[in-house]
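Go by the hints and put chain B onto chain A.
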Amino acid sequence: MTERIGLFADLHSNLEAFEACITRAEELGVTRMVFLGDLVGYNADPAALIDRIAALVEAKKAIAILGNHDEAVFKDCRTQMNASANAAIEWTKTQLKESHIAFLKNLPLIVNEEKMCFVHASAYNPSDWNYITDSMSAWRCVQNSGKSYTFVGHAHEQALFYQSAVGKLIRFAPHPGDEIPVLQHRQWVGVVGSLGQPRDGNPEACFAVFEPGLEVLTFHRVPYDHFAAADKVRRAGLPEDLANRLITGK
Amino acid sequence: MALNTDIEAVDDIFQEGKVVDGFVIGKEVHRGGMASLFTATKEGINVPILLKIPRVGRDQPVESLIGFETELTILRSLKSPFVPQFLGAGNMATRPYIAMERVEGRPLEDLIKEGKIFTIDEVVRIGADLAQAVQSLHSQDAIHLDIKPENILIDDKGKLTLIDFGLSHHARYPDLLAEEMRKGVGSAPYISPEQVAGIRSDSRSDIYSIGVIMYELLTGELPFGNPQTMSGLRKRMWAEPFPPRAIRREIPRWLQEVVLRCLEPRAADRYQSATRLRQVLRDPEGVTLTERADRVEPPSFWENLKGMFRAAGYEPSPSPRPSMGNHDAPLMIAAIDTRQSDEDLRDLMQLTAKNLLHAYPESRLVCISTISSTPTFEGNQENETASGIVRGHLVQLMDWAKPLKLPPERISYHVLEAMDPASRIVEFAKDNDASLILIGASHKLPNKVTPWRTSMTKIVEEAPCSVHIVRT
Chain A
294 MTERIGLFAD LHSNLEAFEA CITRAEELGV TRMVFLGDLV GYNADPAALI DRIAALVEAK
354 KAIAILGNHD EAVFKDCRTQ MNASANAAIE WTKTQLKESH IAFLKNLPLI VNEEKMCFVH
414 ASAYNPSDWN YITDSMSAWR CVQNSGKSYT FVGHAHEQAL FYQSAVGKLI RFAPHPGDEI
474 PVLQHRQWVG VVGSLGQPRD GNPEACFAVF EPGLEVLTFH RVPYDHFAAA DKVRRAGLPE
534 DLANRLITGK
Chain B
15 MALNTDIEAV DDIFQEGKVV DGFVIGKEVH RGGMASLFTA TKEGINVPIL LKIPRVGRDQ
75 PVESLIGFET ELTILRSLKS PFVPQFLGAG NMATRPYIAM ERVEGRPLED LIKEGKIFTI
135 DEVVRIGADL AQAVQSLHSQ DAIHLDIKPE NILIDDKGKL TLIDFGLSHH ARYPDLLAEE
195 MRKGVGSAPY ISPEQVAGIR SDSRSDIYSI GVIMYELLTG ELPFGNPQTM SGLRKRMWAE
255 PFPPRAIRRE IPRWLQEVVL RCLEPRAADR YQSATRLRQV LRDPEGVTLT ERADRVEPPS
315 FWENLKGMFR AAGYEPSPSP RPSMGNHDAP LMIAAIDTRQ SDEDLRDLMQ LTAKNLLHAY
375 PESRLVCIST ISSTPTFEGN QENETASGIV RGHLVQLMDW AKPLKLPPER ISYHVLEAMD
435 PASRIVEFAK DNDASLILIG ASHKLPNKVT PWRTSMTKIV EEAPCSVHIV RT
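Chains A and B, in that order, are what the protein sequence lines are.
For the first sequence, my numbering gives the first residue as 294, with consecutive numbering after it.
For the second sequence, my numbering gives the first residue as 15, with consecutive numbering after it.
Bear in mind the hints are in silico, worked out from the structure with no lab data behind them.
Incorrect hints may appear among the rest.
What the hints assert, rightly or not - Cross-link-like lysine to aspartate or glutamate pairs, in silico, EDC-like; alpha carbons within 16 Å at most:
1. K461(A) <-> E193(B)
2. K472(B) <-> E441(B)
3. K461(A) <-> E441(B)
Chain A with its partners taken away, still in its complex shape (with noise of 0.2 Å):
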């Protein structure tokens, strides 16, 4: 069998769009599952994500890894974040177990395979939290993972940076559901998009799947019940602005 990776980052505790996501990812025949950190932060499900994730690590179905989000939980961030932010982090720290917290202190920084390189935010300096947004922070990753793939969350926004004929990677910006040939002599890196808390204006949830066989990778999006996620959201007296941002995917 193929493998066929799914791709996910950015979950927020977002209940409702993980579902959404793992139920569209299963219909694709994905046989393994990557979560590429800040499981939790911003939205109403903390626990409820992580004690999925945490099933399907245990199951070895998966694999996850720490996000900055994730980090704060055990550690003072707060002055690398904005208020509505920290403010989730503080409510989501009532919300977590013992164990959830331990969960989220074991989770490894980067993960390195043969091919590929998983991280959150950047292979260069992980613990940094460098944001990949051009040309120059896609270059500095690729020369520090040194794989042909790096799959990365942090910055919400689906984008696809590859290796030029000049050498220069190049930001491209994947259409939903187009297979793309992502040949591996080249270097690439996924950004693949948040799941719980899109930016780009539109309030489906990101994911991505790769197949190492065929060298292809498509960026998917998932409508899923937003407006309960929002109503969660409010419910649980998080910043009413996060609520919002589900509605406006902004």
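Okay, now just chain B, sitting in the frame of chain A:
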């Protein structure tokens, strides 16, 4: 990267008689600088097969591989009767090949080299067919970017096929050649000024190249020669080409207008879609003549100097998404039932058409009417002959459109022969890349007359574009 060591063996893998992924390799039919071509057969594939193998190895330029990768990506995604069908590919790193349909035909380049003199009609037909072929790429968000006589195959029946997508661009895939500025990307005589400036995302570049080819076929000369230097390449950003009519007097003024408009330095001054170019070539009466049509003298020193100043600040026009060309200059079809006697509906359809045409200043209207079939014999009366019947319908269509007061270049009329009008209308919309079909549905139609409900449903279901149903 680790590529070259594996690649070394490519020449050993691809030899006559060997089998790769089920493809039985036949004769080598071509060996070029970038690739070798072999015939092949495979069980289950009933079309002739061509395998394209990149020339890679220590002494080969890296461009050959990027071009190969680009072609693989784009050919795999395209569905067009003007492009060889994609049949499979091998692993890039170990045994790179693309299997495609082996298309009949000779390169247009061969005909040019043999010194063939093309008649005006032949050039017009090749230009119109090229525009149609190119439109089939643009409508799929792809741009060829290397349209030249070498890459155009013509078979015995005159059917065109575009080949070689090694320099092409597809808006939905990463462009491996982006920001590649070295000279030699593209073919010097045929590339557009914006390609010279390094822009690879403008579908109107292909329209420029069609202009160069038509110029060449008409006059036997290249409008800007075959420059080998950057400054030579930049000449097309400002210079006016020698007017074709100054070289070959019999070229009609309208055709000079069309060719020179394709060769405008700024993409925004050319035809904005290949569909539009095809329409003007097929319907010269719709061409608005400007001073381009009248040029007979080579451009003066002063005009060239003015052009050079403009080019000093040459700014390529912003490139719309290839498939969007038709959105700004939409083609609308009004399907008119000439037997219709519902006056209210007639008025409302005219008003709707008028409003839509007003909203898009570059839009065009095609009025069509269908007839079941024309008699195969010629009758005695004018109104019984095939041409008489068609003419009768045309008169009615023109009468219908009269209140719209459209200039001739924005409107045309067609009478389509069809047993099944709905299918024919849909087919016509597809062939012409229409953006909208406008039809009227009368309440006053007696039930016994034609099953129009079925027709309407069929059009709505199968149309390749929006359908606007006018009701009173």
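Do the hints match the structure? See the list:
1. K461(A) <-> E193(B): Satisfied, since the Cα-Cα distance of roughly 9 Å is no more than 16 Å.
2. K472(B) <-> E441(B): With a Cα-Cα distance of about 12 Å, the restraint between K472(B) and E441(B) holds, given a limit of 16 Å.
3. K461(A) <-> E441(B): violated (45 Å)
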